[in-house]
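Starting from the known structure of chain A, arrange chains B and C on it as the hints suggest.
Residue numbers (numbering that gives the first Met the number 0), protein chains in the order written: chain A, 0 to 210; chain B, 0 to 312; chain C, 0 to 556.
Check each hint, because a few of them may be wrong.
[Unchecked claim] DSS-like cross-link-like pairs, simulated, lysine-lysine; straight-line CA separation at most 25 angstroms:
hint : chain 1 : residue 1 : chain 2 : residue 2
1    : A       : 123       : A       : 134
2    : B       : 214       : B       : 94
3    : C       : 195       : A       : 12
4    : C       : 195       : B       : 61
5    : B       : 109       : B       : 94
6    : B       : 168       : B       : 128
Since the hints were derived computationally from the structure, they do not count as laboratory data.
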Amino acid sequence: MIARAKILQPPWKEISRQREGATFGIWVFLASEMLFFGSLLLLYTAYRVANPDVFIIAGRETDIWYGTVNTAVLMTSSLTMAVAAQAAEADMRRLTIWCLGATVILGLMFLVFKGFEYAEDIKKNLVPGANFALKPPAAQIFFALYWIMTAIHAIHLSIGLGLVGRLAISGALRRVQLRENPQVEVTALYWHLVDVIWIILYPLIYLMGRS
Amino acid sequence: MSVFMPEAASAQAVQTDQIYYVLLALSGAVIVLVGALLLIFSIRYRRGSKAKRGALPPIMSKEFEIGWTSATLFLALFIFWWVSSSQLSALVAPKNALEIHVVAKQWMWKTQHSNGAREINELHVPLDKPVRLIMTSEDVIHSFFVPAFRMKKDVLPGRYTETWFRATKLGVFHLFCAEYCGSEHSRMTGRIVVMQADGYARWLAAQPEGDGLAKAGEAVFRARGCSGCHSEASKVHAPNLNGLYGRKVQLADGRTVTADEAYLRDSMLLPRRDVAAGFEPIMPSYAGILTDGEIISLTAYIRSLSGKEDNPQ
Amino acid sequence: MTDVAINGELPLPREPSYLGAGHTVASWLGTTDHKRIAILYAATITFFFFLGGIAISLVRLDLFTPAGDLLSDDTYNKLFTFHGVVMVWFFMVPSIPGTFGNFLLPLMIGARDVAFPRLNLFSWYLFLAGGFCTLYALIAGGVDTGWTFYTPFSTMFSNTHVVAAALGVFIAGFSSIATGVNFIATTHMLRAPGMKWFRLPLFVWAIYATSLVMVLATPVLAVTLLLVIAERWLHLPIFNPDFGGDPLLFQHLFWFYSHPAVYIMVLPAMGVVSEVITCFARRRVFGYDFMVYAMVGIAVIGFFVWGHHMFVSGQSPYASIVFSFLSFIVAVPSAIKVFNWTATLYRGQIGFEAPMLYALGFLGLFTIGGLTGLFLASIPVDIQVTDTYFVVAHFHYIMVGGTVSAYFAGLHYWWPKITGRLYPDIWARFAAILMFFGFNFTFFPQFIVGYLGMPRRYHVYPPEFQVYNVMSSAGAFVLAAAYLLPPLYLTWSLIWGARASRNPWNATGLEWKTSSPPPRENFAVVPHVEEAPYQYHPEGVAPEHGGENYRAQGDQT
Numbered sequence: 000m001i002a003r004a005k006i007l008q009p010p011w012k013e014i015s016r017q018r019e020g021a022t023f024g025i026w027v028f029l030a031s032e033m034l035f036f037g038s039l040l041l042l043y044t045a046y047r048v049a050n051p052d053v054f055i056i057a058g059r060e061t062d063i064w065y066g067t068v069n070t071a072v073l074m075t076s077s078l079t080m081a082v083a084a085q086a087a088e089a090d091m092r093r094l095t096i097w098c099l100g101a102t103v104i105l106g107l108m109f110l111v112f113k114g115f116e117y118a119e120d121i122k123k124n125l126v127p128g129a130n131f132a133l134k135p136p137a138a139q140i141f142f143a144l145y146w147i148m149t150a151i152h153a154i155h156l157s158i159g160l161g162l163v164g165r166l167a168i169s170g171a172l173r174r175v176q177l178r179e180n181p182q183v184e185v186t187a188l189y190w191h192l193v194d195v196i197w198i199i200l201y202p203l204i205y206l207m208g209r210s
Numbered sequence: 000m001s002v003f004m005p006e007a008a009s010a011q012a013v014q015t016d017q018i019y020y021v022l023l024a025l026s027g028a029v030i031v032l033v034g035a036l037l038l039i040f041s042i043r044y045r046r047g048s049k050a051k052r053g054a055l056p057p058i059m060s061k062e063f064e065i066g067w068t069s070a071t072l073f074l075a076l077f078i079f080w081w082v083s084s085s086q087l088s089a090l091v092a093p094k095n096a097l098e099i100h101v102v103a104k105q106w107m108w109k110t111q112h113s114n115g116a117r118e119i120n121e122l123h124v125p126l127d128k129p130v131r132l133i134m135t136s137e138d139v140i141h142s143f144f145v146p147a148f149r150m151k152k153d154v155l156p157g158r159y160t161e162t163w164f165r166a167t168k169l170g171v172f173h174l175f176c177a178e179y180c181g182s183e184h185s186r187m188t189g190r191i192v193v194m195q196a197d198g199y200a201r202w203l204a205a206q207p208e209g210d211g212l213a214k215a216g217e218a219v220f221r222a223r224g225c226s227g228c229h230s231e232a233s234k235v236h237a238p239n240l241n242g243l244y245g246r247k248v249q250l251a252d253g254r255t256v257t258a259d260e261a262y263l264r265d266s267m268l269l270p271r272r273d274v275a276a277g278f279e280p281i282m283p284s285y286a287g288i289l290t291d292g293e294i295i296s297l298t299a300y301i302r303s304l305s306g307k308e309d310n311p312q
Numbered sequence: 000m001t002d003v004a005i006n007g008e009l010p011l012p013r014e015p016s017y018l019g020a021g022h023t024v025a026s027w028l029g030t031t032d033h034k035r036i037a038i039l040y041a042a043t044i045t046f047f048f049f050l051g052g053i054a055i056s057l058v059r060l061d062l063f064t065p066a067g068d069l070l071s072d073d074t075y076n077k078l079f080t081f082h083g084v085v086m087v088w089f090f091m092v093p094s095i096p097g098t099f100g101n102f103l104l105p106l107m108i109g110a111r112d113v114a115f116p117r118l119n120l121f122s123w124y125l126f127l128a129g130g131f132c133t134l135y136a137l138i139a140g141g142v143d144t145g146w147t148f149y150t151p152f153s154t155m156f157s158n159t160h161v162v163a164a165a166l167g168v169f170i171a172g173f174s175s176i177a178t179g180v181n182f183i184a185t186t187h188m189l190r191a192p193g194m195k196w197f198r199l200p201l202f203v204w205a206i207y208a209t210s211l212v213m214v215l216a217t218p219v220l221a222v223t224l225l226l227v228i229a230e231r232w233l234h235l236p237i238f239n240p241d242f243g244g245d246p247l248l249f250q251h252l253f254w255f256y257s258h259p260a261v262y263i264m265v266l267p268a269m270g271v272v273s274e275v276i277t278c279f280a281r282r283r284v285f286g287y288d289f290m291v292y293a294m295v296g297i298a299v300i301g302f303f304v305w306g307h308h309m310f311v312s313g314q315s316p317y318a319s320i321v322f323s324f325l326s327f328i329v330a331v332p333s334a335i336k337v338f339n340w341t342a343t344l345y346r347g348q349i350g351f352e353a354p355m356l357y358a359l360g361f362l363g364l365f366t367i368g369g370l371t372g373l374f375l376a377s378i379p380v381d382i383q384v385t386d387t388y389f390v391v392a393h394f395h396y397i398m399v400g401g402t403v404s405a406y407f408a409g410l411h412y413w414w415p416k417i418t419g420r421l422y423p424d425i426w427a428r429f430a431a432i433l434m435f436f437g438f439n440f441t442f443f444p445q446f447i448v449g450y451l452g453m454p455r456r457y458h459v460y461p462p463e464f465q466v467y468n469v470m471s472s473a474g475a476f477v478l479a480a481a482y483l484l485p486p487l488y489l490t491w492s493l494i495w496g497a498r499a500s501r502n503p504w505n506a507t508g509l510e511w512k513t514s515s516p517p518p519r520e521n522f523a524v525v526p527h528v529e530e531a532p533y534q535y536h537p538e539g540v541a542p543e544h545g546g547e548n549y550r551a552q553g554d555q556t
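If we strip away everything but chain A, and leave its shape as in the complex, we get (with noise of 0.2 angstroms):
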């Protein structure tokens, strides 16, 4: 009982419309970062579509295992993350938990891939400035924009990894119940969204020039 209040918030008066307004609230925000990654995305195209070959030369320096693998990792935590969002629901507490603390895993092993991935980027040179490793000059825009948004997604991944694991730890420690907590849905959907962005960003990173 002490859970549930704890849930209630003001000016919502039962938690299944809470829920309802949470759920609401965070689709809403998701239209705003479908318009702020569609943004990065539009650039990227009108760059690729003004240097199809440059792009393709670019293309070819990324590293696709890496790449692969950590889409394979995020897919899989978004999997967990949905399992996790079920048994929360059907009031699974252990698994719920379980599934959480996967998600969070699998999320500081992609970012962890991610790091050496970075630094394989910078000893090959594919930083853009004075030492960069290719000639044309467009492919300094094609790696700015792979840093710029690997990075950008990262810090979205990294904020996830705060609320999914905010949401472990206070169910772990019996703080908060979970199910019907208006805060699942919300991380769960967050979730996916970083999911998704990664989806699409995939293939025009890793899968340039490589048909």
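Just chains B and C, lined up with the frame of chain A:
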């Protein structure tokens, strides 16, 4: 210049002013209408006045609303159509236009006539002849603005923008930079000097730079080693530049483009981008090697090779 | 809690007002009460308004003479940049939504608070953080790119604190998005029983439409500023032509947000005007449905006209034609609203208290500003006047003549509800009239000098433009004086003003059914709505003299 209107010194100015006057009249009418209604209603229907209230007349209905909405929409569309139809015909400069190259930099204007004559912050042009401006910037975005001609066009780094005018009045007119470009943006002004055609010809002949732009370009062509590949004697398989300017070019990726100023510039600076069909992408880039002025003169030289398609280079 | 129909009054709440519920600084800075958050916003935006005003006062002072003898070129450039950045993002965008939107949205729909009260407070802190970042940019030496941050000047040539300023605006943008999400969810999910969509006051519709734009447009600004920061600070080429980058892409991205942004700035104002005109004319609004469709139409079409800022930029002439067409279309719904407001006055019982004076001023000035938009939508005319004072005059007529007038209309209309005090109307009317004249003297000459060819952002100018600049600068100081009056008499009213009854204007709307000021919980009982808004008279019958509700003058206490 009158109190409200700048001098109209170009063919376009007359057109623009016509549109301006019509819009002014329309706006005036709407303001008078709305203002009058506001005033009349405010007085007539002020609190406690004796004017009749009571049953609202049936004319104030949805049909009325739809009616004035449609009328407004129709008026908007009509004005758009009327304004735009004049615009489309003015898009492209006439073929016989005099060509002037403009280079903008912080905070000055450099203009160059086709015979190589150069001016700083000034441009002499003949009366009643179309003049085409081909412009680029060495640094940030500027904008070439001549109020008397009702003409303005942004000037960008890394590409050419174009506009054209036909001056219809003699005199000296303001040139302003109209895109904020840093500290001395408001001091980046100049003069457009419109002269009689024969006076202009005399003035042009008297200018220091006797060499035509194309001749200067020819010198650059040899000095920078372009002739090393782009000549008949060369062992390297490179496109023939005779008659290239203005022609359609088939590219390696299947597209067809026209060999205009932008194409020539890109070919010098980003040669891998639009490789001609049947050729290898082996041309080195001249980015950082050629100045903007050299590119302009090379372009003029290549232009001068039109009509020499059958001559050996 | 029982539902009570509102044919008459709701029972007056017995709780202390929201102002009295907690007196510590912590109770204010940690509040989740939408009404207190509205006050926090009001204080912050007022601070920024005067800061931006001081900046431009120095600019107009320098413009008295053509030679620019007061300030250096660089200082001048930094001042107009600061004016633009502060006024757009730290005054105009948050003003009406942050203050009246926050205060009134829950009250008008019969709710207890917004959907996400803690997010609401977080929005304000984001706004504050963005403000601090921008102030840092100012104190550290300023920014000189203009509020539009055009590349490559901002990314590769300016020697000023561009990154700090861009970061400040970036952070403030998230405040906008959070507020928008909150308001949309609130409107969808917390309406009182019987409060159907087409029974909502037009102010609620206005805030809703604004919130849609805030949520969808602001993210693009965030990306654009991020790219500028990345290019300038990390030297990642995005818009740099030396690498094949296109400065025009910056402009597309920037204006894709910044055009809808002007609708963020004007839609709430339209909502305020609808509330004020109906109350002080004692009339139902003419054409409620069309007013709603018009606002939603403006919000939607507004996303597709951004290229009209780029007619001379080197953009394709065919794209320009399309943008010109859509810009003519977007004028139509605004025109409809002006007609409908005018028709609302017909056969009313019109009072000229300060809120109404501001609303009438809005009508005239917004009409002028909107009509000059047609000039700008016409490509040949735009070629002459873009980047000149004509454009400056156009947007100030709408933003200042329009939105700021509406802000003051709302301030004076809802002041008794927010503070529980009445202000001296004589001083308020005097300020309104002074503002109207000062405004026109400042900005009308700018239309003329713009067509004559005086470019904007010019520190020095040719002497033949001086007479217009003198007139404009003189008007600016009258306007400044007018702006100083409301802080004086409104503050006076807080201490010595008569206390307001729950409904001093005899207005319809749920906010007037509760006490002035309202308690923390807004209402003593949940309202149950049965009628359309603006029931100032029976349908089809204009209010008669001496009739039941004909005076916008309720009892005093």
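A quick look at each hint next to the structure:
{"no.": "1", "hint": "123(A) x 134(A)", "in the structure": "holds, 14 angstroms"}
{"no.": "2", "hint": "214(B) x 94(B)", "in the structure": "holds, 22 angstroms"}
{"no.": "3", "hint": "195(C) x 12(A)", "in the structure": "holds, 19 angstroms"}
{"no.": "4", "hint": "195(C) x 61(B)", "in the structure": "holds, 21 angstroms"}
{"no.": "5", "hint": "109(B) x 94(B)", "in the structure": "holds, 24 angstroms"}
{"no.": "6", "hint": "168(B) x 128(B)", "in the structure": "holds, 11 angstroms"}
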